[in-house]
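These are the residues of each chain, in order.
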Amino acid sequence: MTEIKKKRHPLIRVIFDYIKMHKFAFIFSVVCILFAAFGHIAAPLVLQRVTNALIEAASDNIVNSDVWKEITPDLITLGVAYIISIIAEFSYSQITAIAGQKYMDDLRKHLFNHMEGLPVKFFDTHDKGDIMSIYINDVDTIRQLIIQSMSTILICFCTFLSVFVIMILTSIYMTLVVIFATCVMALVIYKVGGHSSKNFIAQQKMVGRQEGFVEEMMVGLKVIKSFCHEEESKHNFDDINHQLQEVSYSANSYANILMPILGNIGNVLYVSIAILGTVFFYNDIHDPALLQANNNWLAIIVSFLPMVKQFTNATAEIANQINSIALAIGGSSRVFALLDEEKEVDDGYVTLVRAKYDEHGEIVEVENEKDQTIWAWKHPHTADHSITYTLLRGDIRMFDVDFAYTPDKVVLHNISLYAKPGQKVAFVGATGAGKTTITNLLNRFYDIADGKIRYDGININKICKKDLRRSLGMVLQDTNLFTGTIMDNIRYGKLDATDDECIAAAKLANADSFIQRLPHGYNTMLTNDGANLSQGQRQLLSIARAAVNNAPVLILDEATSSIDTRTEAIVTKGMDNLMKGRTVFVIAHRLSTIQNSNVIIVLDHGRIIERGDHDDLIKAKGTYYQLYTGAFELE
Amino acid sequence: MIKTKSKTDTKKVGYIDFFKLFIKSVREYKKPSIIAIIFITLETLFECFIPYVMNLLLNFISDQNKSIIGGEAISENFIPITIGFGAGLLVMAFCSLFCGITAGKFAAKASVGFATNIRQDLFYKIQSFSFNNIDKFSISSLVTRQTTDITYIQMCYQIMIRIALRAPLMFIFSIILASVMAPSLAWVYAILIPILAIALFLVVKFSLPIFNRVFDKYDALNESVEENVHGIRVVKTYTREDFEKQKFKKASENIRDDFVKAERILALSNPILTFALYVSMLFIVTFGSYSILMITGSTVEIGHISALITYGAQILSSLMMLSMVLVMISMSTASMRRVYEVLVEVPTIKNCDNPIYEVADGSIEYKNVSFKYRKDAEKYALADINLKFYSGETIGIIGGTGSSKSTLVNLLSLFYDTTEGEVIVGGHNVKDYDVKTLRENVSMVLQKNILFSGTIKENLRWGNKNATDEEIVEACKIAQADSFIETFPKKYDTLIQQGGSNVSGGQKQRLCIARAILKKPKILVMDDSTSAVDTKTDALIREGLSTTLNGTTKIIIAQRISSVQDADVILVMDDGHINGMGTHEELLKTNAIYKEIYDLQNRAGGDSND
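Chains as they are written, first to last, in the working numbering: chain A, 2 to 636; chain B, 228 to 837.
Rather than coming from a laboratory, the hints here were simulated on the basis of the structure. Treat the hints loosely; a few may be bogus.
Unchecked claim - The list that follows gives simulated cross-link-like pairs (lysine-lysine, DSS-like), each with its CA atoms no further than 27 Å apart:
hint, chain 1, residue 1, chain 2, residue 2
1, B, Lys602, B, Lys663
2, B, Lys692, A, Lys235
3, B, Lys692, B, Lys602
4, A, Lys235, B, Lys257
5, A, Lys110, B, Lys477
What the hints assert, rightly or not - Covered by chain B, according to a simulated footprint, are these stretches of chain A (three or more residues, beta-carbon under 8 Å):
hint, region
6, 263-277
7, 390-403
The beta-carbon is built from N, C-alpha and C at its ideal position, and this holds for glycine as well.
This is chain A alone, in the form it adopts within the complex (with noise of 0.2 Å):
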């Protein structure tokens, strides 16, 4: 994809990106289509030239062997003429089609490319379904827009013109009569094709809405029958999909009587031309056009009808487009909004580089991974050109951070905490205190307001964001697993980890056992986020990921929450392996699992009310007591 100027009409934008993209694809069809829109011309041109000769040839004064030999020439040229067209017309459907699809897969890769490096920001403040929508249902727009439409309007164009300017050639007063009938056509085009459209658009609204409606009703079926509220349910169904009826009606009867009324100003078009013809010729009226010399109107009514058929055709079918245009032009701009977003930047020039100490205890790069001992930061300094090594410890420090997500509201005021090589920091608060928050500050999904937080003493904006993720791993609540084998969910934490590593990992986090009992072990195939798998399982699997990731810094938020007690039991055992020697942010709604973490830290709203050990905590008989014994609810 191109850049191509913001301002601009999305619409413009797609057009003028394909063809900048597909410039050869582009100007070869074209090209073809000029070619093409020869058959086109010839057609009513050589008709015209036989019909003359053969009316000639009936005033009985010309011998007909020498009239047939006169238009067999013309027979040739349009036998010729033809060929040209259908060759042309056969190269330009071909290309169209494979740059058609080239650039769908182009949009589609570049869609998804930027979507990549969007901020975190932007999936959390965008609905999901309707991110899903660009793919499932936009980019569609834009392929009929480029595959169908552009090229049915450029031939009709062509064949519009073309066929326009051998009827100026051949009848001056008849071309204003067509003339007078475009100027009607693209009235009722205006008209009808207009009200189709917003119909359309509306229909679609109503469908969106209609959707939403099934899909609770769908999600909330069982709870339906328990209330025995079928009936209900029935009712306001009806209600809306009587209202989904009435607009449906409109949009489609609209685009229906379109093109009868098209095709029949066509038919009143043609009738014209026979009858101003039949009278022209009556009272031998004479015409201005060039080709007309013997002024004969017999001729010319037999070269204009099929030419009026062209012409006609082609508005049609140009009105045709209508719809898909409508709805491309919301498509383009939906795709365009998603592009338009600022991608994430990087500008972090510490990475984290493999390494080992040499024989003078000094840290020193190392290339490849068998000399490698320990990983370190490596930053090199501006100022002086020289480059230090840091060692990564784990350890995390937050100095005064406030936070905000939108200008207006702050989430957090003045944070301070650290976290030394492995040590377990607990974060204990109601929904919306700022306990996940301060985790997206961490890895940098948000950036910090006000404040400083440090990783191993350096500043976490210096860090390049790749390598500051890469030494966070990450548990979540929501496991999100990928669509393929076990054994590619696990890897998926480190690529090059070899079957060994995952399996050692797997054994870690307690999922191995529950593996080696699938039918296909390591290779069951997972598809939409593990449906096949217990919620346990799922979050047995996450473990393990992030345990062949092996960083130092682990977060955990909410990791056990969806999991029954006993199950529970298993996965923490899990946890607590991978804990082991590592510096843990744990995010947890059942106090049990993070009693024994070397520092608690309650919050509320956005700020620390109380922090300390659960004994220190206990103790004081603030709020973590109170939750403690039951007092307060979390949620």
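For this one, chain A is given, so just place chain B on it according to the hints.
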């Protein structure tokens, strides 16, 4: 292009089965459908006759022209005949217009109405499903079936009415008229039509399988996008953006290659049609003029040439339309099958012949009950359950996930029917009750709590349509929901968003409990419905229930020992069996599982908060 996968190729059902079933949904739109068909037939007739009459007019003019050139006087009827022809043609054009508009409107009415009906049938059918039926389909597939799939079927119906009839009619009329007019020229179509038909058939035959294959891949691609949209945090944490891009690239290019193949084959149909058209035109012009000039006594006239060219275009493009209909219908087959599957599904639970309309009390008895979800399932979800509870008792059920706790209580309100044995409520087999009566008396707070979009009050009235405001407040007080509702600015008129996303998990659970209490049931089942509520509130709810609903049998399924320990009797479920039964103290002594759960939850001084 949205299609979801869900292939259940149990038995082969063909278009005839689809047709037979779907046609039932036409109902009151039979008349518009028939009117549309009639007017489309008429419109097509006019469309074909107009060129024919044009041709007569042209020939007439041509004759007059000959006369002039031959130095003879033109017919004195020239003007009246010309005007007559013209007027006749105009009348025909207006009739054609009228027919076209009428046909268009009625076709829209018929197809939209048909879609409305079939959507309604589908929704009603799903409403009649038992839990067994519901489990057979995934939620998202049920949604797709009621939206995208119906749209495809509607499109098919509209195309069937409008084009499937029009194209063959046009084809036949045009051939007849062309042969009547100029048999010596029309035979060219006898050669061209089979060639074109075979060529178009081949195009469809070769491109369709690729299209169907690529649609499946397209679904897979969209699923992978969905995974990325939902799992973006995981992708970013493991810095797998490039990995995902590569994966996507491969999948997308794979689709592109298949699409190119299919589109290239499909793109052949246009040049093929043009080829046939041009050959016919060239032939008619050449042969036509040759006949006129070189063959003495030929019946071919100048006007025939232009009329035959018009017919030629109509004949050939109607073939093209037919091939597109074929493509359209084949592409919608999957949609038809999916809708068909739901419509032919037989609800497994229906009212018996003489249902009982009153539930005497809340006594419960399970007699040798066994249950499995599917007939062909190997394992029983419940095996040999024998239980007896008296009206007004409080029963606690505890056990791990998958131990069939929910299954056990679902049999009570006949959400599922037993495989063996019987469930008796209030002295009668649950199957003998009117389903509605039974469910009104056995109130269930399901594990998966759902609130619907609407106000709090509207949601609560699901329990009892005629509940007064006082009753609602009272129920909310018992469920400990009144206090937080009162803190909302709009109180009981607060709007709940879809899925209840604007209240917390604990609040949602308490609202659901209040909703169930409003039914004033004989039996109240709470299936893990206080898991997000703190222990203190949980205790208050239980206390409220026992004082106000003392005649009601209460069944509490929970993860927390604290939620069930005061129950009259506690069941410990494990793997579809009753592992133990008794009071808290008894079970602590005798039941290993119960003891284990208790210890886990009371480790390190007692975690009472869940």
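**Hints breached by this structure** = The structure breaks hints 3 and 7; every other hint is satisfied.
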